[in-house]
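Chains A and B supply the protein sequences, listed in that same order.
All residue numbers for the first sequence refer to our numbering, where the first residue is 1 and numbers rise by one.
All residue numbers for the second sequence refer to our numbering, where the first residue is 265 and numbers rise by one.
Bear in mind the hints are in silico, worked out from the structure with no lab data behind them.
Don't take each hint at face value.
As the list claims (entries may be wrong) - Over 12 angstroms on every C-beta distance to chain A, these chain B residues come out as not near it, computed from the model:
| hint | residue |
| --- | --- |
| 1 | Gly-296 |
| 2 | Asn-336 |
| 3 | Leu-338 |
| 4 | Leu-357 |
| 5 | Gly-369 |
| 6 | Phe-371 |
| 7 | Asp-372 |
| 8 | Leu-404 |
| 9 | Gly-408 |
| 10 | Arg-430 |
| 11 | Asp-442 |
| 12 | Arg-462 |
| 13 | Ala-465 |
| 14 | Asp-511 |
| 15 | Asp-512 |
| 16 | Thr-513 |
As the list claims (entries may be wrong) - Computed from the model, here is a short list of chain B residues facing chain A with C-beta under 10 angstroms:
| hint | residue |
| --- | --- |
| 17 | Gly-335 |
| 18 | Leu-337 |
| 19 | Arg-356 |
| 20 | Gln-359 |
| 21 | Gly-362 |
| 22 | Phe-365 |
| 23 | Gln-366 |
| 24 | Arg-374 |
| 25 | Arg-387 |
| 26 | Leu-407 |
| 27 | Phe-410 |
| 28 | Ala-411 |
| 29 | Ala-431 |
| 30 | Ser-434 |
| 31 | Ile-502 |
Backbone N, C-alpha and C fix where the C-beta goes; we use that ideal spot for every residue, glycine too.
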Amino acid sequence: MSRSAPTPRSDRIASVVAPIVLGIAFLALWQWFVVARDIKPFLLPKPTAIWSEFWDSFANIRKATRVTATNAFFGLVAGSIGGAVTALVANRFRRVGEMLTPLAAAANAIPIVALAAIFGRMFDSTTETPRRLVVLLVVFFPVFINVLRGLREVEPVHLELMRSLAASPTAVSRRVRLPNAIPFFLTGLRVASALCVIAALVSEYFVGQQNGLGPKIAGAAKGSSNYPLAWAFVVAACALGVAFYLVAILLERVALPWRRGPSR
Amino acid sequence: MSESASEAAGVSDVVVPATVSVIGADMVFNRGRPNEVVALRDIDLDVADGEFVSLIGPSGCGKSTLLRLVGNLLEPTAGTITVNGKPASRARLDQDYGMAFQQAGLFDWRTVARNIELPLELRGVDKADRRARALELLELVKLGDFADHRPWELSGGMQQRVAIARALASRPGLLLMDEPFGALDEMTREHMQAELIRICAELGTTVIFVTHSIPEAVYLSDRVVVMSPRPGRITDHIDVKIGDRNDDTREASEFFEKITEVREALRGIERDLGGLGVDDR
Numbered sequence: 001m002s003r004s005a006p007t008p009r010s011d012r013i014a015s016v017v018a019p020i021v022l023g024i025a026f027l028a029l030w031q032w033f034v035v036a037r038d039i040k041p042f043l044l045p046k047p048t049a050i051w052s053e054f055w056d057s058f059a060n061i062r063k064a065t066r067v068t069a070t071n072a073f074f075g076l077v078a079g080s081i082g083g084a085v086t087a088l089v090a091n092r093f094r095r096v097g098e099m100l101t102p103l104a105a106a107a108n109a110i111p112i113v114a115l116a117a118i119f120g121r122m123f124d125s126t127t128e129t130p131r132r133l134v135v136l137l138v139v140f141f142p143v144f145i146n147v148l149r150g151l152r153e154v155e156p157v158h159l160e161l162m163r164s165l166a167a168s169p170t171a172v173s174r175r176v177r178l179p180n181a182i183p184f185f186l187t188g189l190r191v192a193s194a195l196c197v198i199a200a201l202v203s204e205y206f207v208g209q210q211n212g213l214g215p216k217i218a219g220a221a222k223g224s225s226n227y228p229l230a231w232a233f234v235v236a237a238c239a240l241g242v243a244f245y246l247v248a249i250l251l252e253r254v255a256l257p258w259r260r261g262p263s264r
Numbered sequence: 265m266s267e268s269a270s271e272a273a274g275v276s277d278v279v280v281p282a283t284v285s286v287i288g289a290d291m292v293f294n295r296g297r298p299n300e301v302v303a304l305r306d307i308d309l310d311v312a313d314g315e316f317v318s319l320i321g322p323s324g325c326g327k328s329t330l331l332r333l334v335g336n337l338l339e340p341t342a343g344t345i346t347v348n349g350k351p352a353s354r355a356r357l358d359q360d361y362g363m364a365f366q367q368a369g370l371f372d373w374r375t376v377a378r379n380i381e382l383p384l385e386l387r388g389v390d391k392a393d394r395r396a397r398a399l400e401l402l403e404l405v406k407l408g409d410f411a412d413h414r415p416w417e418l419s420g421g422m423q424q425r426v427a428i429a430r431a432l433a434s435r436p437g438l439l440l441m442d443e444p445f446g447a448l449d450e451m452t453r454e455h456m457q458a459e460l461i462r463i464c465a466e467l468g469t470t471v472i473f474v475t476h477s478i479p480e481a482v483y484l485s486d487r488v489v490v491m492s493p494r495p496g497r498i499t500d501h502i503d504v505k506i507g508d509r510n511d512d513t514r515e516a517s518e519f520f521e522k523i524t525e526v527r528e529a530l531r532g533i534e535r536d537l538g539g540l541g542v543d544d545r
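Please put together the full structure from these sequences, using the hints given.
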């Protein structure tokens, strides 16, 4: 016991402080590089310029971020529900599963850029619907695949036990397969939460009104050549992506109290 | 249904005589295909009420398969298997036996008590009765303070005790155990063996116990059934009449004599096969 590991508390502080220190050092290096080499703003603006632009245009940025966040959120919710329900059906009916899995994989291989333009034609492009559909499709696949794995990859000993207890197939689904799939679902959701913001941004760029972060970044860079502003929008997009990811991780912690310790 | 089930969970319930009879059982996997395996051939086995029988033999002798036939987890390709005078499938549906495996197989998402309640839950026993029975069983396996813990908070030996408590939940007269102590360290293992003997004596449970440890088989059993592989068959029945088991048993000369007897029966098999595979500990 003399070689005790660092306490969890100091561990946690280190894990927060280290990336912050690295981040500040990186920004300082960036600032120094731009100033020292006299880099033009259209190539790379100074972090301080981006920072002041961020606060000057804060109201605009907030509005655009809200649009993108809403699109990402609705797409994420609909896609997760769709993916999970489809996985349940695919698991219940083997034939359906055999048909659906390659289809889902094929759908996942479609570039979202192409989808955005097509959905813009199919649905009213002045609404947010086509954009949310793109997010839905992007989210669908990781959730579907993960939930299906969770439903199928059940411990053999659990299945033998349930058979020895004369459990009905319904009881096996409810008491073994579904709870087993919950951590898998949340893993899928974590992957999807990282994808949904990107999907929302790209789809906004290709279809619909000029209101989300996607078109704003493009507009600031191409239209008005205000590069610090374009970067300020990028910062907002980045923060939004991180926020979605953090919420997904938080959800995993809250929903899986039994996963806090080593399993078995 | 739920009324009779709650009655079954009542404290004053008397365990019905539990007997097992296997007649001419064959088990062939992948029959008719190139990878056909004859796991068991012409097995006859009778287990009397209250008897503790161990199945021992080198790996591949089909001891686990035989246990699964009795539990109706597998259907034999030939022969009949009777538990408590009924077909094995009926006995499974009636929950005439409880089963424990090498892995405890507890559900992480359930507390310890709710893991034990599972068999009763499946039979529709109401919540209060289930909980009462789980607490009673936790006392029996000496884990009274752990009802609301999660399985992963328990050591391997404690998890296995929970698994045994779960197997006993619906008061089966018969316990089927597949190397339940195989993954435990030696000290825990001996402790668990003593606990199992105490519990089975208390409840009058009939046990079929698969193991590959000779001392374990001798210590626990009234009778050790020795099996041989390729194809799996029974080669010997060794009665172990060495009186009540206690801490001194493990040092008694009769204990060592029986160990030697079982070992020699297994050596006979190994001579025929030219292989090892039985744990001498």
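Verification of the supplied hints:
1. The beta carbon of B:Gly-296 is kept farther than 12 angstroms from every beta carbon of chain A, the shortest such distance being approximately 24 angstroms.
2. Distance check for B:Asn-336 against chain A: the nearest CB is about 8 angstroms away, which does not clear 12 angstroms, and the non-interface claim fails.
3. For B:Leu-338, the non-interface assignment is contradicted: its Cβ lies about 10 angstroms from the closest Cβ of chain A, within the 12 angstroms cut-off.
4. At roughly 5 angstroms from the closest C-beta of chain A, the C-beta of B:Leu-357 falls inside 12 angstroms, breaking its exclusion from the interface.
5. Distance to chain A contradicts B:Gly-369 as a non-interface residue, since its nearest Cβ pair spans about 4 angstroms, not more than 12 angstroms.
6. Residue-level check failed: B:Phe-371 sits 7 angstroms from the nearest beta carbon of chain A, not beyond 12 angstroms.
7. Not every Cβ of chain A is farther than 12 angstroms from the Cβ of B:Asp-372; the closest lies at roughly 5 angstroms, contradicting the non-interface assignment.
8. Every CB of chain A lies more than 12 angstroms from the CB of B:Leu-404, the least distance being 19 angstroms, so the non-interface label holds.
9. Look at B:Gly-408: its CB is around 21 angstroms from the nearest CB on chain A, clear of 12 angstroms, so calling it non-interface holds up.
10. Taking the minimum C-beta to C-beta distance to chain A, about 8 angstroms, the non-interface status of B:Arg-430 is violated against the 12 angstroms cut.
11. With a least beta-carbon separation of about 9 angstroms from chain A, B:Asp-442 fails to lie farther than 12 angstroms from that chain, contradicting its non-interface assignment.
12. Annotated as non-interface, B:Arg-462 keeps its C-beta farther than 12 angstroms from every C-beta of chain A; the closest such distance is 24 angstroms.
13. The claim that B:Ala-465 is not at the interface with chain A holds, since no C-beta of that chain comes within 12 angstroms of its own (minimum 24 angstroms).
14. Once the 12 angstroms rule is applied to beta carbons, B:Asp-511 is consistent with being away from chain A; the minimum gap is 31 angstroms.
15. Distance check on B:Asp-512: its Cβ is at least 35 angstroms (rounded) from any Cβ of chain A, clearing the 12 angstroms threshold; non-interface status holds.
16. With a cut of 12 angstroms on Cβ distances, B:Thr-513 stays outside the contact zone with chain A, its closest approach being about 31 angstroms.
17. For B:Gly-335, the shortest C-beta to C-beta distance to chain A is roughly 6 angstroms, which falls under 10 angstroms, so the interface hint holds.
18. For B:Leu-337, the shortest C-beta to C-beta distance to chain A is roughly 6 angstroms, which falls under 10 angstroms, so the interface hint holds.
19. Taking 10 angstroms as the C-beta cut-off, the interface hint given for B:Arg-356 holds, the closest approach to chain A being about 5 angstroms.
20. Hint status for B:Gln-359 relative to chain A: holds, with the closest Cβ pair at about 6 angstroms, below 10 angstroms.
21. Interface restraint check for B:Gly-362: the shortest CB-CB distance to chain A comes to about 8 angstroms, inside 10 angstroms, so the restraint holds.
22. Because the closest C-beta pair between B:Phe-365 and chain A is about 5 angstroms apart, less than 10 angstroms, the hint holds.
23. Hint status for B:Gln-366 relative to chain A: holds, with the closest Cβ pair at about 8 angstroms, below 10 angstroms.
24. For the restraint placing B:Arg-374 at the interface with chain A, the shortest Cβ-Cβ distance is roughly 8 angstroms, inside the 10 angstroms limit, so the hint holds.
25. At a threshold of 10 angstroms, the smallest CB-CB gap from B:Arg-387 to chain A is about 9 angstroms, leaving the interface hint in force.
26. With 10 angstroms as the threshold, the beta carbon of B:Leu-407 stays out of range of chain A, its nearest partner Cβ sitting at about 17 angstroms, so the hint is violated.
27. Against a cut-off of 10 angstroms between C-beta atoms, the interface hint on B:Phe-410 is violated, since the closest Cβ of chain A lies about 14 angstroms away.
28. Interface hint status for B:Ala-411: violated, as the beta-carbon distance to the closest one in chain A is roughly 15 angstroms, over 10 angstroms.
29. Taking 10 angstroms as the C-beta contact cut-off toward chain A, the hint placing B:Ala-431 at the interface holds, the least distance being around 9 angstroms.
30. Look at B:Ser-434: its Cβ gets to within about 8 angstroms of chain A, closer than 10 angstroms, so that hint holds up.
31. Of the supplied interface hints, the one on B:Ile-502 is violated, with its beta-carbon coming no nearer than about 28 angstroms to a beta-carbon of chain A, more than 10 angstroms.
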